[in-house]
Amino acid sequence: MKGTDFVKLIDTTRCTACRGCQVACKQWNEMPGLRTRNRGSYQNPPDLEWNTWTLVRFQEHENGDGVLQWLFRKDGCMHCTDAGCVKVCPSGALFYTEFGTVGIDRTKCIGCKECLFACPFEVPKYDRATDKVFKCDLCYTRLREGLLPACVKSCPTGALTFGAVDTMLKTAYARVEDLKQDGHPDANVYGDKFVGGTHVLYVLGEKPEIYDSLPQKPAVPLTVIAWKDFLKPLSLLAAGGVILGSFLHYIIHGPKSPDENGDRDAT
Amino acid sequence: MKKGMIKATDAFERIVHWSLAISCIVLMISGLGMMFHSLNFLAVPVGGLKNLKLIHNFTGLFFIASLFFAVLMWWREAGVFEFPEDAEWIKVAGGYLWHVDSVPEVGKYNPGQKMFFLAVAIFGAAMAVSGLMMWFPLSFGAGLVRFMYFLHALGFVVIFAFFFVHLYLGTIGSPGSLPAMTSGWVTRAWLMKQHPKWLKETEHKGRLVVYGKEPAPREGQGHHA
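The listed protein sequences correspond, in order, to chains D and W. Residue numbers for the first sequence follow the numbering used here, beginning at 587 and rising by one. Residue numbers for the second sequence follow the numbering used here, beginning at 1013 and rising by one.
Hints were generated in silico from the structure; no laboratory data involved. Each hint should be verified, as a subset may be incorrect.
[Claimed, not checked] Okay, the calculated bits of chain D under chain W, using three or more residues with CB under 8 Å as the criterion:
no., stretch
1, 642–648
2, 775–786
3, 814–822
4, 827–838
[To be verified] Only pairs whose alpha carbons sit at most 27 Å apart, straight line, appear in this in silico BS3-like list of lysine-lysine:
no., chain 1, residue 1, chain 2, residue 2
5, W, K1212, D, K842
6, D, K842, W, K1120
7, D, K842, W, K1209
8, D, K718, D, K818
9, D, K711, W, K1062
10, W, K1120, W, K1014
11, D, K814, D, K779
12, W, K1014, D, K842
13, D, K842, W, K1015
14, W, K1209, W, K1062
15, D, K814, W, K1062
16, D, K694, W, K1209
17, D, K711, D, K818
18, D, K673, D, K718
19, D, K842, D, K818
20, W, K1212, W, K1225
21, D, K711, D, K673
22, D, K699, D, K814
23, D, K842, D, K711
24, D, K699, W, K1062
25, D, K842, W, K1062
26, W, K1062, D, K673
27, D, K756, D, K803
28, D, K803, D, K699
29, D, K718, W, K1062
30, D, K818, W, K1225
31, W, K1120, W, K1103
C-beta atoms are modelled at their ideal positions from N, C-alpha and C, and glycine is treated no differently.
Based on the provided sequences and hints, a complete structural model is requested.
Shown next as structure tokens:
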């Protein structure tokens, strides 16, 4: 690991769903806003898209006591430590940055779409027109200049903060303790317990299963692990074994040659 | 051409064989270039990985067509085991691995060749199906596509390993075999060693094509497709 790992903390309990982060993300990354349809929700577009790398999800949730809550969750790349997308990317377009985040070099992307199926959070999105995959890179260009990610910079309520991993974990757990004493018994930290720990952490006011499109136990798919960690090395081992075996066969047993007198006409 | 050479394959068989072989080799090389970052350089001569992907995909179509003809042509002779003689042959590993006094007489294909054919047919078909779905993954369910990536990798493990077995036994491991797939003419001695049953049966039926002899009444011991 090079340098310090950095983490973006998303405190959903402080989010007012102003969507400033969504706009700032588009501005910094020069992504177009495409026309969408009114579906009767402020959540717009309905899901992450190739041109929308972060999205505030709006969710009406009625808790057990009949109290209606409006939950907001800023969705986007979680920047896994053990990232399925990086594991499958054939070209190295997806890569780990020196900040521990997952960057994407679109000049290298070949549009194979393998990352779409390896990501446990369904984050990478494919654009047919450019034949490329898009996702949040946690403003790699800004981080390298010592600037905050655009979403964090734009956040007016302190729901988004950014810093070194240890500091942010402490902040997150301290906030959860406060929330628990403040009438949110289910408050929890989401992100540090799977895929090697994510570089985006949530402070959730409710249990993870309450939230839309938030996997409870995200993991790199088993098929991806079998493919990349088992079959891939096995392919070389098996072929190498065959080549070595053939060589040994040739020098020990010898080739299977026709008999000396086999050429006589049998008729 | 030496007098007394025997025709073992017809032109169609050899064309199908080499179509399959060349497309398979191109697929393996281009596939390796995408599978290992350390082999990404294999894409340099074609101008990048994106082009390598396109070559891989379209060669795949050529491979599927070749495989179709190969299976159609060979399944009857190379895809069906015959008992008990094939079991006997397998018990002594065809005399390839240790000294065996008498190996059961082999017809047109020995059980090892049959296994190779079946591996190519079954895993080739798996590569075709999984490859096509990987080409258009957004048209299918995520679970299915994930399984197809796995299947494609599994098929590669099998075919890549079998490729080298085939390469060895088609060349230096079994001298005299290669001409069956180049000119199609082989020696009687090689047939006596490798496919004596086929030699005797074909000769008995009067269908053996021998170079420099009067043509047999009916030609062609090749495909029955």
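A quick look at each hint next to the structure:
Given a C-beta distance limit of less than 8 Å, the hint that chain W covers the stretch 642–648 of chain D is violated, as 0 residues qualify and 3 are needed. Remark: the stretch 775–786 of chain D is not confirmed as covered by chain W, as 0 of its residues place a Cβ nearer than 8 Å to a Cβ of that chain, below the required three. With 4 residues having a Cβ less than 8 Å from any Cβ of chain W, the stretch 814–822 of chain D passes the three-residue criterion, so the hint holds. Coverage of a stretch by a chain is defined here by at least three residues with a beta carbon nearer than 8 Å to that chain's beta carbons; for the stretch 827–838 of chain D and chain W the count is 6, and the condition holds.
Between K1212/W and K842/D, the direct Cα distance comes to roughly 20 Å. Compliance with the 27 Å bound is thereby established for this hinted pair. Distance restraint check for K842/D and K1120/W: the Cα-Cα separation of roughly 17 Å lies within the 27 Å cut-off, and the hinted pair is therefore satisfied. Between the alpha carbons of K842/D and K1209/W the distance comes to roughly 17 Å, so the proposed pair stays at or under 27 Å and holds. In summary, the hint linking K718/D to K818/D is supported, as the alpha carbons are separated by about 25 Å, within the 27 Å threshold.
At most 27 Å may separate the alpha-carbon atoms for a hinted pair to count; K711/D and K1062/W meet this at roughly 18 Å. With a C-alpha separation of about 22 Å, the suggested pairing of K1120/W with K1014/W holds against the 27 Å cut-off. At most 27 Å may separate the alpha-carbon atoms for a hinted pair to count; K814/D and K779/D meet this at roughly 23 Å. Between the alpha carbons of K1014/W and K842/D the distance comes to roughly 22 Å, so the proposed pair stays at or under 27 Å and holds.
Among the hinted pairs, K842/D with K1015/W is consistent with the structure: their alpha-carbon atoms are about 24 Å apart, no more than 27 Å. As the CA atoms of K1209/W and K1062/W are separated by approximately 50 Å, the hinted pair breaks the 27 Å bound. Annotation: proposed proximity of K814/D to K1062/W holds, straight-line Cα distance about 21 Å (limit 27 Å). A threshold of 27 Å between alpha carbons decides the hint, and for K694/D with K1209/W the separation of about 56 Å lies outside it, so the pair is violated.
Restraint check for K711/D and K818/D: the C-alpha separation of about 26 Å stays at or below 27 Å, so the hint holds. Between K673/D and K718/D the CA atoms are separated by roughly 18 Å; this keeps the pair inside 27 Å, and the hint holds. Distance hint between K842/D and K818/D is unfulfilled; the C-alpha atoms sit about 33 Å from each other, more than 27 Å. With a C-alpha separation of about 17 Å, the suggested pair K1212/W and K1225/W falls inside the 27 Å cut-off, and the hint holds.
At roughly 17 Å between alpha-carbon atoms, K711/D and K673/D fall within 27 Å of each other, so this suggested pair holds. The suggested pairing of K699/D with K814/D holds, with an alpha-carbon distance near 16 Å, which does not exceed 27 Å. Between the alpha carbons of K842/D and K711/D the distance comes to roughly 56 Å, so the proposed pair goes past 27 Å and is violated. Proximity of K699/D to K1062/W is assessed by CA-CA distance (about 12 Å); at most 27 Å being required, the pair is judged to hold.
Using a Cα cut-off of 27 Å, the hinted pair K842/D and K1062/W is violated, with the two alpha carbons roughly 44 Å apart. With a C-alpha separation of about 18 Å, the suggested pairing of K1062/W with K673/D holds against the 27 Å cut-off. For the hint pairing K756/D with K803/D, the CA-to-CA distance comes to about 22 Å; that is within 27 Å, so the pair holds. Restraint check: the Cα-Cα separation between K803/D and K699/D comes to about 23 Å, which is no more than 27 Å; the hinted pair holds.
With a C-alpha separation of about 11 Å, the suggested pairing of K718/D with K1062/W holds against the 27 Å cut-off. Simply put, K818/D and K1225/W have alpha-carbon atoms about 53 Å apart, too far for the 27 Å limit, and the pair is violated. For a cut-off of 27 Å, the pair hint linking K1120/W to K1103/W stands: about 19 Å separates their Cα positions.
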